[in-house]
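The task is simple: from the sequences and hints, build the whole structure.
So the protein lines, in turn, are chains B and H. Here the working numbering is used: the first residue of the first sequence is 5, the next is one more, and so on. Here the working numbering is used: the first residue of the second sequence is 82, the next is one more, and so on.
Keep in mind the hints are simulated off the structure, nothing from the lab. It should be emphasised that the depicted structure is a prediction, and the values quoted were computed from it without experimental measurement. Keep in mind that the hints are not guaranteed to be accurate.
Here are the computed lysine to any residue pairs in the SDA-like style, where the Cα-Cα straight-line distance is at most 20 Å [stated by the list, open to error]:
{"hint": "1", "chain 1": "B", "residue 1": "72", "chain 2": "H", "residue 2": "362"}
{"hint": "2", "chain 1": "H", "residue 1": "361", "chain 2": "B", "residue 2": "89"}
{"hint": "3", "chain 1": "B", "residue 1": "131", "chain 2": "H", "residue 2": "284"}
{"hint": "4", "chain 1": "B", "residue 1": "131", "chain 2": "H", "residue 2": "361"}
{"hint": "5", "chain 1": "B", "residue 1": "131", "chain 2": "H", "residue 2": "279"}
{"hint": "6", "chain 1": "B", "residue 1": "335", "chain 2": "B", "residue 2": "304"}
{"hint": "7", "chain 1": "B", "residue 1": "131", "chain 2": "H", "residue 2": "185"}
{"hint": "8", "chain 1": "B", "residue 1": "72", "chain 2": "H", "residue 2": "184"}
{"hint": "9", "chain 1": "B", "residue 1": "72", "chain 2": "H", "residue 2": "265"}
{"hint": "10", "chain 1": "B", "residue 1": "345", "chain 2": "B", "residue 2": "279"}
{"hint": "11", "chain 1": "B", "residue 1": "72", "chain 2": "H", "residue 2": "284"}
{"hint": "12", "chain 1": "B", "residue 1": "104", "chain 2": "H", "residue 2": "277"}
{"hint": "13", "chain 1": "B", "residue 1": "131", "chain 2": "H", "residue 2": "362"}
{"hint": "14", "chain 1": "B", "residue 1": "131", "chain 2": "H", "residue 2": "287"}
{"hint": "15", "chain 1": "B", "residue 1": "131", "chain 2": "H", "residue 2": "288"}
{"hint": "16", "chain 1": "B", "residue 1": "104", "chain 2": "H", "residue 2": "283"}
{"hint": "17", "chain 1": "B", "residue 1": "105", "chain 2": "H", "residue 2": "292"}
{"hint": "18", "chain 1": "H", "residue 1": "185", "chain 2": "B", "residue 2": "53"}
{"hint": "19", "chain 1": "B", "residue 1": "72", "chain 2": "H", "residue 2": "361"}
{"hint": "20", "chain 1": "B", "residue 1": "104", "chain 2": "H", "residue 2": "279"}
{"hint": "21", "chain 1": "B", "residue 1": "72", "chain 2": "H", "residue 2": "277"}
{"hint": "22", "chain 1": "B", "residue 1": "111", "chain 2": "H", "residue 2": "280"}
{"hint": "23", "chain 1": "B", "residue 1": "104", "chain 2": "H", "residue 2": "281"}
{"hint": "24", "chain 1": "H", "residue 1": "361", "chain 2": "B", "residue 2": "133"}
{"hint": "25", "chain 1": "B", "residue 1": "131", "chain 2": "H", "residue 2": "264"}
{"hint": "26", "chain 1": "B", "residue 1": "170", "chain 2": "B", "residue 2": "350"}
{"hint": "27", "chain 1": "H", "residue 1": "361", "chain 2": "B", "residue 2": "91"}
{"hint": "28", "chain 1": "B", "residue 1": "105", "chain 2": "H", "residue 2": "277"}
{"hint": "29", "chain 1": "B", "residue 1": "131", "chain 2": "H", "residue 2": "184"}
{"hint": "30", "chain 1": "B", "residue 1": "104", "chain 2": "H", "residue 2": "291"}
{"hint": "31", "chain 1": "B", "residue 1": "72", "chain 2": "H", "residue 2": "279"}
{"hint": "32", "chain 1": "B", "residue 1": "131", "chain 2": "H", "residue 2": "292"}
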Amino acid sequence: MLELRNISKRFDDFSLKEVSFSVEQGDYFILLGESGAGKSMVLETIAGLVAPDSGKILIEDKDVTYEKIQNRPIGLVFQDHAVFPHLTVGENIAYSLHGKKMSREEKHEIVKTIADELEIPGLLNRKPGTLSGGELQRVALGRTLIQQPACLLLDEPLSSLDTRLKGDLRRLLREIHRKGQTILHVTHDYEEALSLATRIAVIDKGEIIQSGTPSAVFNHPKSEFVAHFIGMKNFFPVKLVTTDQTVVAYTGNNIPIRVVTDAPGGDGFILIRGEDVLLSVKPVETSATNNFRGTVVEIHPNAGGVEVTIDAGIEIHALITRESVEKLGLKAGNTCWVHFKATAVRYINK
Amino acid sequence: MSWPFPTNRTGPSRRFRGSGLNYKEPQNVNRLQLTFIFLGSLVLLLIVAPLAGMFLDTTPTQLFETARETEVQDSIWLTIYTSLAGTLVFSIAAIPLAYLLARKQFPMKKLVTGIIDLPVVIPHSAAGIALLGFVSRESVLGKMGSAVGLNFVGHPAGIAIAMAFVSIPFLINAARDGFAGVPLRLEKAALTLGASPFRVFFTISLPLAWRNIISGLILMFARGMSEFGAVIVVAYHPMIAPVLIYERFGSFGLKYARPVSVVFILISLTLFIVLRWLAKEKNSEIVK
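Structure representation (structure tokens):
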């Protein structure tokens, strides 16, 4: 559907190096990278705002590398939404309908449908200056979706919103995707990636480092950078079950993990920082509600200390000091106990 | 030695000087402000005093009589419409040029910018001489005019060209600032929404730079109306108001030049206040 082949572009202080990836029909593809990694540049290249030095861009099997911006079947939502300040919300949304062979009433009808979908039907006659950040982002989305783009390009669409609005907009994006819209979304936020993506690519310094499903990328980071950037080795897809008293996340092989979250039950991910995992050689009474018996699989020194991998039905990575390893006498094959608090578990809704 | 350097007695202590946080404004600055206010008042006086003097020396009867003269009415009307025509006709090419200057990098851009400012710095009588050669019957433009029965010299069209020549930098510079202030992203967004570059210009760039462009148009119009030097060389007749004022002064003296001047100034002022007011109304509508 959308394919980049060896796209390169040199600037004075930055370059894209042989960027290749492909977004399939119906994908929610997230390009994950730190700010300055070249994410926005990739989107602008696809949109035609920047011409690559070399490489090819194909959309629906058609080479559009040097196609005019206005003829590309994509829709780009800018990071700061770029809603036209001198036009009303309705005029903004209808902007791309200009020159289309349809009556005024038909156009009005389409604009109304889109506004309803984006839950902004009451704003059509307002000027953007009077809208909140979340509303502006919806106007920008509506203005783009009305073109029925083959692929929707989103540049950090959630970054300027507060937590509550982020949740609302995520839900909306998921809904748009569920209706069949192919989306390429760039962000620096791994939570966003986990929450929305069906496929992920990680970009650093203008290069794609790894791509695949969220589980593949998060569970098997290919390089130090990816591991560090994602920052979470303890990452598990789970099914959340909430009862009156407890909230338990069940991993794929039904290991129950206690978490603290307001989220309703359903599919999601949990993340536990290696620093938050305690190890002991005997069962001990602590305030931690998650206690598992397991076997040490690997002891691996790294920059932050020593990483100990324990198989407790699921593979848990603990980051502890060299002294602790010696004190506990940990060796591969030893039995040991793993403890972490329910509050140390981060749950991300899918 | 105490002024303008703050001393320990009146100014901040050495310890806090320049720290920004605890820096109290020393009294010396107030003395500085007083000096500047005094000097500034002198400048205002220089502008206001002669004008006020002229207004006070003209009786209402004189004003009324002068305003009723056909010659005066004709010249003021001519001044207004030639300047307006020059402004509108030349803006068709000047506004796109301003857009190019704001948005594109091209070879010798500095030279182009310099050329645009030329009319402001050269003496306007010299500009008139240059223009006269350019529009006279022997020139290419003059011949083209003659072919359709138009002689620029001594014709309102020539006057409009002379006015536009000296006043066009005001429009170009204001419009260029206006276009430069339109976020590039908005134009890019419009392109990604399927608009052609022409449509982007007319629906995004132009409306968003409109405030500056209107202000530039008003300035150009005003500057054109007040032009004397370039116009008198190209067309002594028909007489625009500044030339009429000069002629009355030369032929009859100060006493006869004054009422015409006052009438012209009053009409110009009214016109610009109304235009500014209209522009403001329109702009607040665009932004809200």
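Hints, one by one, checked against the model:
1. At roughly 38 Å between alpha-carbon atoms, residue 72 of chain B and residue 362 of chain H are farther apart than 20 Å, so this suggested pair is violated.
2. For the hint linking residue 361 of chain H to residue 89 of chain B, the alpha-carbon distance of about 17 Å falls within 20 Å, and the restraint holds.
3. Note on residue 131 of chain B and residue 284 of chain H: the hinted pairing holds, with a Cα-Cα distance of about 16 Å set against a maximum of 20 Å.
4. For a cut-off of 20 Å, the pair hint linking residue 131 of chain B to residue 361 of chain H stands: about 18 Å separates their Cα positions.
5. Between the alpha carbons of residue 131 of chain B and residue 279 of chain H the distance comes to roughly 24 Å, so the proposed pair goes past 20 Å and is violated.
6. At most 20 Å may separate the alpha-carbon atoms for a hinted pair to count; residue 335 of chain B and residue 304 of chain B meet this at roughly 11 Å.
7. Using a Cα cut-off of 20 Å, the hinted pair residue 131 of chain B and residue 185 of chain H is violated, with the two alpha carbons roughly 30 Å apart.
8. Pair hint residue 72 of chain B plus residue 184 of chain H holds up; C-alpha atoms about 19 Å apart against a cutoff of 20 Å.
9. Among the hinted pairs, residue 72 of chain B with residue 265 of chain H is consistent with the structure: their alpha-carbon atoms are about 17 Å apart, no more than 20 Å.
10. For the given pair, residue 345 of chain B sits about 12 Å from residue 279 of chain B by alpha-carbon distance, which is consistent with the 20 Å threshold.
11. Proximity of residue 72 of chain B to residue 284 of chain H is assessed by CA-CA distance (about 19 Å); at most 20 Å being required, the pair is judged to hold.
12. Among the hinted pairs, residue 104 of chain B with residue 277 of chain H is consistent with the structure: their alpha-carbon atoms are about 13 Å apart, no more than 20 Å.
13. As the CA atoms of residue 131 of chain B and residue 362 of chain H are separated by approximately 17 Å, the hinted pair is consistent with the 20 Å bound.
14. Restraint check for residue 131 of chain B and residue 287 of chain H: satisfied, since their Cα atoms lie roughly 18 Å apart, inside the 20 Å limit.
15. The suggested pairing of residue 131 of chain B with residue 288 of chain H holds, with an alpha-carbon distance near 15 Å, which does not exceed 20 Å.
16. Among the hinted pairs, residue 104 of chain B with residue 283 of chain H is consistent with the structure: their alpha-carbon atoms are about 18 Å apart, no more than 20 Å.
17. Of the supplied pair hints, the one linking residue 105 of chain B and residue 292 of chain H is violated, its CA atoms being roughly 33 Å apart against a limit of 20 Å.
18. Distance restraint check for residue 185 of chain H and residue 53 of chain B: the Cα-Cα separation of roughly 15 Å lies within the 20 Å cut-off, and the hinted pair is therefore satisfied.
19. With a CA separation close to 38 Å, the supplied pair residue 72 of chain B and residue 361 of chain H exceeds the 20 Å bound.
20. For the given pair, residue 104 of chain B sits about 17 Å from residue 279 of chain H by alpha-carbon distance, which is consistent with the 20 Å threshold.
21. The hinted pair formed by residue 72 of chain B and residue 277 of chain H meets the criterion: a straight-line CA distance of about 9 Å does not exceed 20 Å.
22. Restraint check for residue 111 of chain B and residue 280 of chain H: the C-alpha separation of about 19 Å stays at or below 20 Å, so the hint holds.
23. With a C-alpha separation of about 16 Å, the suggested pair residue 104 of chain B and residue 281 of chain H falls inside the 20 Å cut-off, and the hint holds.
24. Pair hint residue 361 of chain H plus residue 133 of chain B holds up; C-alpha atoms about 18 Å apart against a cutoff of 20 Å.
25. Restraint check for residue 131 of chain B and residue 264 of chain H: satisfied, since their Cα atoms lie roughly 17 Å apart, inside the 20 Å limit.
26. The straight-line distance between the Cα atoms of residue 170 of chain B and residue 350 of chain B is roughly 17 Å, inside the 20 Å bound, and the hint therefore holds.
27. Restraint check: the Cα-Cα separation between residue 361 of chain H and residue 91 of chain B comes to about 18 Å, which is no more than 20 Å; the hinted pair holds.
28. Simply put, residue 105 of chain B and residue 277 of chain H have alpha-carbon atoms about 17 Å apart, close enough for the 20 Å limit, and the pair holds.
29. For the hint linking residue 131 of chain B to residue 184 of chain H, the alpha-carbon distance of about 26 Å lies beyond 20 Å, and the restraint is violated.
30. Proposed proximity of residue 104 of chain B and residue 291 of chain H is contradicted: the alpha carbons are some 27 Å apart, above 20 Å.
31. Taken as a hint, the residue 72 of chain B and residue 279 of chain H pair is honoured in the structure, with Cα atoms around 14 Å apart against an allowance of 20 Å.
32. Taken as a hint, the residue 131 of chain B and residue 292 of chain H pair is honoured in the structure, with Cα atoms around 18 Å apart against an allowance of 20 Å.
Checked against the numbered hints listed earlier, the structure breaks hints 1, 5, 7, 17, 19, 29, 30; every other hint is satisfied.
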